[in-house]
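Build the complex from these two chains, which are given one at a time in their own frames, with help from the hints.
Protein chains in written order, with the numbering used here: chain L, 1 to 268; chain Z, 1 to 274.
Bear in mind the hints are in silico, worked out from the structure with no lab data behind them.
Certain hints may be false.
Now the in silico label distances, taken between C-beta atoms and shown as ranges [stated by the list, open to error]:
| id | chain 1 | residue 1 | chain 2 | residue 2 | range |
| --- | --- | --- | --- | --- | --- |
| 1 | L | Leu26 | Z | Tyr16 | 19 to 29 Å |
| 2 | Z | Glu116 | L | Ile262 | 43 to 53 Å |
| 3 | L | Arg52 | Z | Gly133 | 45 to 55 Å |
What you are looking at is a predicted structure, and each value in this text was computed from that prediction instead of being measured.
Every residue, glycine too, gets a C-beta built ideally from N, C-alpha and C.
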Amino acid sequence: MAEKAQGTVFSIPMPTAVLRRVADELGALFLFMLESLALMFAGFGQVSKTIRQIYFIGVQSVSVIALIGLFTGMVMGMQLYYALATFGADGFLGTGVALAMVRELAPVLSAIMLTGRAGSAMTAEIGVMRISEQIDALTIMDINPMRYLVAPKMAACLLSFPILTAFFNLIALWGGWLTGVKLLGANEGVYWSRVQSSLDWSDIEGGFIKAIIFGLLVCTICCFEGYFTHTRSGHAGPEGVSQSTTNAVVKSCVVILAADYILTSLLW
Amino acid sequence: MSNAPGIRLENLTIGYGGNPVVSDLNIEFPGGKLSMVVGGSGSGKSTLLRHVLQLQPPISGDIFMGGHEIGHLSRRKRSCLRQRMGVLFQDGAMLGSLRVRDNIALPLREHTRFKEKQIMEIVQNRLELVGLGHALDLYPNELSGGMRKRAGLARALVMDPQILFCDEPTSGLDPVMSAELDQLLLEMMRHFDMTMLVVTHDLSSMRGLADFVVVLGEGRCLFQGTIEELEKTEDAYLRRFLDRAPEERTAPRLTMPPIDSKMMKINCSDFLSE
Chain L
1 MAEKAQGTVF
11 SIPMPTAVLR
21 RVADELGALF
31 LFMLESLALM
41 FAGFGQVSKT
51 IRQIYFIGVQ
61 SVSVIALIGL
71 FTGMVMGMQL
81 YYALATFGAD
91 GFLGTGVALA
101 MVRELAPVLS
111 AIMLTGRAGS
121 AMTAEIGVMR
131 ISEQIDALTI
141 MDINPMRYLV
151 APKMAACLLS
161 FPILTAFFNL
171 IALWGGWLTG
181 VKLLGANEGV
191 YWSRVQSSLD
201 WSDIEGGFIK
211 AIIFGLLVCT
221 ICCFEGYFTH
231 TRSGHAGPEG
241 VSQSTTNAVV
251 KSCVVILAAD
261 YILTSLLW
Chain Z
1 MSNAPGIRLE
11 NLTIGYGGNP
21 VVSDLNIEFP
31 GGKLSMVVGG
41 SGSGKSTLLR
51 HVLQLQPPIS
61 GDIFMGGHEI
71 GHLSRRKRSC
81 LRQRMGVLFQ
91 DGAMLGSLRV
101 RDNIALPLRE
111 HTRFKEKQIM
121 EIVQNRLELV
131 GLGHALDLYP
141 NELSGGMRKR
151 AGLARALVMD
161 PQILFCDEPT
171 SGLDPVMSAE
181 LDQLLLEMMR
191 HFDMTMLVVT
201 HDLSSMRGLA
211 DFVVVLGEGR
221 CLFQGTIEEL
231 EKTEDAYLRR
241 FLDRAPEERT
251 APRLTMPPID
261 SKMMKINCSD
271 FLSE
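Isolated chain Z (complex conformation) (with noise of 0.2 Å):
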């Protein structure tokens, strides 16, 4: 029985600048289980994602998590709220200034007693969990794409936290680096005993990972539930996005002729002709 908290989203609008992107969420994200979010691009995901950390205040509703209402934290509750939860962002985020091992022990640092040769000891701890035992001494541009994100992993779990969220982990990855960090997230989950949140777009993520669903379209949640629901819809919509259909076109895509080789400046046409 897992004593992680969950998250409740309450009549919750949100936006930017007072314009709505997804409106009147209800959703209750259970505790200790891994929840995906998803939905084409421009749905919201990440606006919601933003909202749920607080980086961007809703336009109306609420956001519960463990119990507490988030909106209207003591500065001190607020903290304490930010230190028991990790962030992967979608490209690491790491500070660009500071090596891998000093990006890592950073939150050490600033909200811990240890002392350094524990925190290194932490943070080596935490590198290695994730496969980067070997890059405490280097900065974040002379990684990869893959090990940024699963610096950030180590980086956001360097707390021990209890929710962790994740902002399209899989992106730009090539397929074996997205289930390697799928299979990663899935073993962290389960070793820290923690919620997670996972924003996404990438579904043989959502299928191989997800105990719950949250498919975001339209400008409002259009399905919540567990993955085998998600796949019995009839729902159109949800049916051209599982199986990836396009919508089907009645008028032809391409109207325009090639453009006319005698406006261009220079003659390039048969350039590469054989």
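Isolated chain L, as found in the complex (with noise of 0.2 Å):
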């Protein structure tokens, strides 16, 4: 009873000391990010092991964003191609798709299929380093495992994301294409024109700026967990690294909404 009436039993965490341990994990994010950014150009050695990510992170994801694109882009082009003949607007397909795909899904869904893909994966490998003693090992011969480990990820995801996106947007409007064109009727020549005359330069610009920017917030929240694994209480060992992992793939994909959200209201 005196443990209840002191609180300590069902007791409610206060909200500023919630408050303060998610300022400390954002300013720890924060650091972590700065200083991957910063090492990525820490010497020629960088080279090759960013060109190492990006075969891992860009080359080997590029089916994947091909099947996603392709999909996406015929669901996209079957459901505007319904809604817009309803009403004999049909030739607004290529509009629809194209500002659809270039602003927002292309932008988003690679994110979220590179955070399955490529986050969870650095997340496990850096997390089983961390278990493993290798991240230690590294230190002890004085080698900087945010430079060796980190930074190449980060570099290999700022120049894959906007690239992996691009790739999204034209497979996915082919894929608007091969339904709304070829499987429902709509006119060929009328729905590439659309695509074309509806696109800014501004719109080809804010996606991959988003993309960028996702790159860096997936990298840096996946890495981030990995390598910090063993901090997590309660959940040492291989269970901590599932537990990092999982988080970081839900952390990245609500962190990729929001953005995504406050990117749209900022750049168009």
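Structure follows, in structure tokens:
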């Protein structure tokens, strides 16, 4: 009873304590991001490691991005065609598909797919290295683990995310054409001319800016979760790595969607 | 006469999150000798090693290596210190994504101006020293536990360190392999004129190798001195530790009856009875 009275049994954390913890974590995340950005340019030795990461994060994700882009484009083509055809505006199919893809769906869906494919792998790799003392070994050998492990992944994400987003756009526009024009009978010339005329440079630029920022956020969150796996209280060892990986994916997806809303408000 | 640096701990209290594990350590590990830190499980041996390696900040006190207080070194000096020491981790801690040769070449590629051909010569030499000349192209997961430790030792030695730290070098190895690794450590120490600090709970290793012994237990340093001095001790805890004698029990250990077979979801109690 005495414990209850003192509020230790059913205690609710004080909002200030929770806020402080969140602020601490955000501060640590921000510093982690700055350090990895700065270390991307730490010597020529980084180039080969970055190329290896581009292969893993970028090249090996091409097939997944192509598949998701194709089906997203096909669904968009079909849904928009039916919606527009009801009031005779199926000529605007190209406009709808192009704007939806380039401004929103391509950067967001690419980033979410890359979080699942590459981000989770980054967290798991770094987490396993942490619990098996490999990161300690790097520190002892006077090799900065942030430079050796995190910075090349950051550089690879910043390069791969926009390129894969552009690739997603191409495939998705083709997917829209496949269903809208080839299956449902919209006019091919009108479709492509609308795609061309409705897109400004600012739309494409905005999509790229989003992709770069998503790459930055995903890489920071995923590497951060793996790097500090050992500090996770109550979840040491392999369970800690699995917990970190889950956290990294969930946090990244939420942050991508939140950042998308903010960026859309700012860019257009 | 050895030029290898000594390690001195002054009023050192170590632990995690402000909770002390071992308090008030005042120890001087002699340079050019093989010192061993022993103690029971959870006595703080590995914690001490992590603090000496600066992987954890101490709660209080100072650590000196070769006359330098290592807690307040500049970045450049800390870099120098780390390049002059090698560490053999408990499981080798080889980077899983690199072949054995690349693991061992890593410090040379990062910190020296050697050409790749010279680096490979040094790597080959170190691997042959530890008896792994044939394992150059293997990945760490293709090595046995003993081979991983020897590969870890080759990596620890690749920069010709002046101080070598070993965390439980013989744990998980069979007695023959343990004896071989002990012999190897001794040869390396003499060959490279190093100070060696080994954390272990292997008493046979301690008796065979140690020039200087520290025993940790009950949250403090229970003994420091030579192995001969330790063998003569009358302290009850140390005697029990050295004689591997478990604590005498007055109450019986097994007080519960065997599990009633009726409580099993599937009755397997007679399954293995002939």
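Now the hints, each set against the structure:
1. Between leucine 26(L) and tyrosine 16(Z) the beta carbon distance is about 24 Å. The supplied range of 19 to 29 Å therefore holds.
2. About 48 Å separates the C-beta atoms of glutamate 116(Z) and isoleucine 262(L), a value consistent with the hinted range of 43 to 53 Å.
3. For the pair arginine 52(L) and glycine 133(Z), the supplied restraint of 45 to 55 Å is violated, since their beta-carbon distance comes to about 28 Å.
In summary, the structure is inconsistent with hint 3 from the numbered list given earlier, while agreeing with all the others.
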